[in-house]
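Okay, here's what each chain looks like letter by letter:
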Amino acid sequence: NAGVMQNPRHLVRRRGQEARLRCSPMKGHSHVYWYRQLPEEGLKFMVYLQKENIIDESGMPKERFSAEFPKEGPSILRIQQVVRGDSAAYFCASSPASTNEKLFFGSGTQLSVL
Amino acid sequence: DAKTTQPTSMDCAEGRAANLPCNHSTISGNEYVYWYRQIHSQGPQYIIHGLKNNETNEMASLIITEDRKSSTLILPHATLRDTAVYYCIVGGRSQGNLIFGKGTKLSVKP
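Residue numbers (my numbering), protein chains in the order written: chain A, 681 to 794; chain B, 66 to 175.
It should be emphasised that the hints constitute simulated quantities derived from the structure, not laboratory data.
One should not assume that every hint holds.
Computed cross-link-like contacts, BS3-like style, restricted to lysine-lysine with a CA-CA straight-line distance of at most 25 Å [stated by the list, open to error]: (1) Lys170(B) / Lys134(B); (2) Lys724(A) / Lys134(B); (3) Lys782(A) / Lys134(B); (4) Lys134(B) / Lys707(A); (5) Lys174(B) / Lys724(A); (6) Lys167(B) / Lys724(A); (7) Lys134(B) / Lys742(A); (8) Lys117(B) / Lys742(A); (9) Lys117(B) / Lys751(A); (10) Lys68(B) / Lys174(B); (11) Lys134(B) / Lys167(B).
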C-alpha cells in the first residue's frame, strides 16, 4: 500500500534549465496538491489538481511554473528557466476527495539551482 | 498569512504529556482547526482536526475552547520520535490549500 511517491528525491539544475518534478498519488486518490517550502519557512500552497483539471492555482507563480495531472501517469510540476530563488523543497499531497482532512504528503523533491 | 499564532519552540521530557497551544482568534464559524506535523526532511503528516468539540485519536487529543479562539494539541506520552515542527492550521472543510505558518518546534528530550 504505497504512499505518495515523489521523484526525484533530489534534483540539481543550473540557472536557465528546466526542472520536472513528478508525483504519483496514493492508489485511489484523484486529487493532488503541490506545496513549496523555502528554507526555514512553512509550506506554501501552489496548486490543486484533479485528473486533467486545474482546480486552484492561486499559489502558483504566473510565469515559468506549470502543473498537470494527466488521465494516465503522475502529476508533473514543471519549472522553466530556473533561478536560484526556485531552490526549495517541493511537496506533493494527495487525497481521495477535495478535503483538508488527512492530506497524505510525499517525502518531497529538494531542488537545488546552481 | 497564517491565521494562527503558535510558540516558536517548546521542550518536553520523554514520557510526559506535550501540550501545544494555538491561538486562532479570527476563526470563522465554518472553519476547522487542523494539526499537522513535519519531522525533519519529511513531508507533513496529518495528526487530527476538529470544529468545536474535543477530538481524540490514536495519535493525539485536540481541545478547543468554547469560544473557539484557541486550541491545544496534546500528545499524551511524548517519545523522541515526536520531535518535529507542529503546525496548527485554520481552514475550510474542502479547500486543499492549507496555510502553514511557522509552527512550533517541539523537542522531546530523554
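Now for the hints, and whether the structure bears them out:
Simply put, Lys170(B) and Lys134(B) have alpha-carbon atoms about 21 Å apart, close enough for the 25 Å limit, and the pair holds. A distance of roughly 24 Å separates the Cα atoms of Lys724(A) and Lys134(B); the hinted pair therefore holds under the 25 Å criterion. Annotation: proposed proximity of Lys782(A) to Lys134(B) holds, straight-line Cα distance about 23 Å (limit 25 Å). With a C-alpha separation of about 37 Å, the suggested pair Lys134(B) and Lys707(A) falls outside the 25 Å cut-off, and the hint is violated.
Simply put, Lys174(B) and Lys724(A) have alpha-carbon atoms about 30 Å apart, too far for the 25 Å limit, and the pair is violated. Under the criterion of a C-alpha separation no larger than 25 Å, the hint pairing Lys167(B) with Lys724(A) is consistent with the structure, at around 11 Å. For the suggested pair Lys134(B) and Lys742(A), the alpha carbons sit about 35 Å apart, so the restraint of at most 25 Å is broken. Note on Lys117(B) and Lys742(A): the hinted pairing is violated, with a Cα-Cα distance of about 38 Å set against a maximum of 25 Å.
The hinted pair formed by Lys117(B) and Lys751(A) fails the criterion: a straight-line CA distance of about 39 Å is larger than 25 Å. Restraint check for Lys68(B) and Lys174(B): not satisfied, since their Cα atoms lie roughly 30 Å apart, outside the 25 Å limit. Between Lys134(B) and Lys167(B) the CA atoms are separated by roughly 19 Å; this keeps the pair inside 25 Å, and the hint holds.
Going through the hint list in order, the structure does not satisfy hints 4, 5, 7, 8, 9 and 10.
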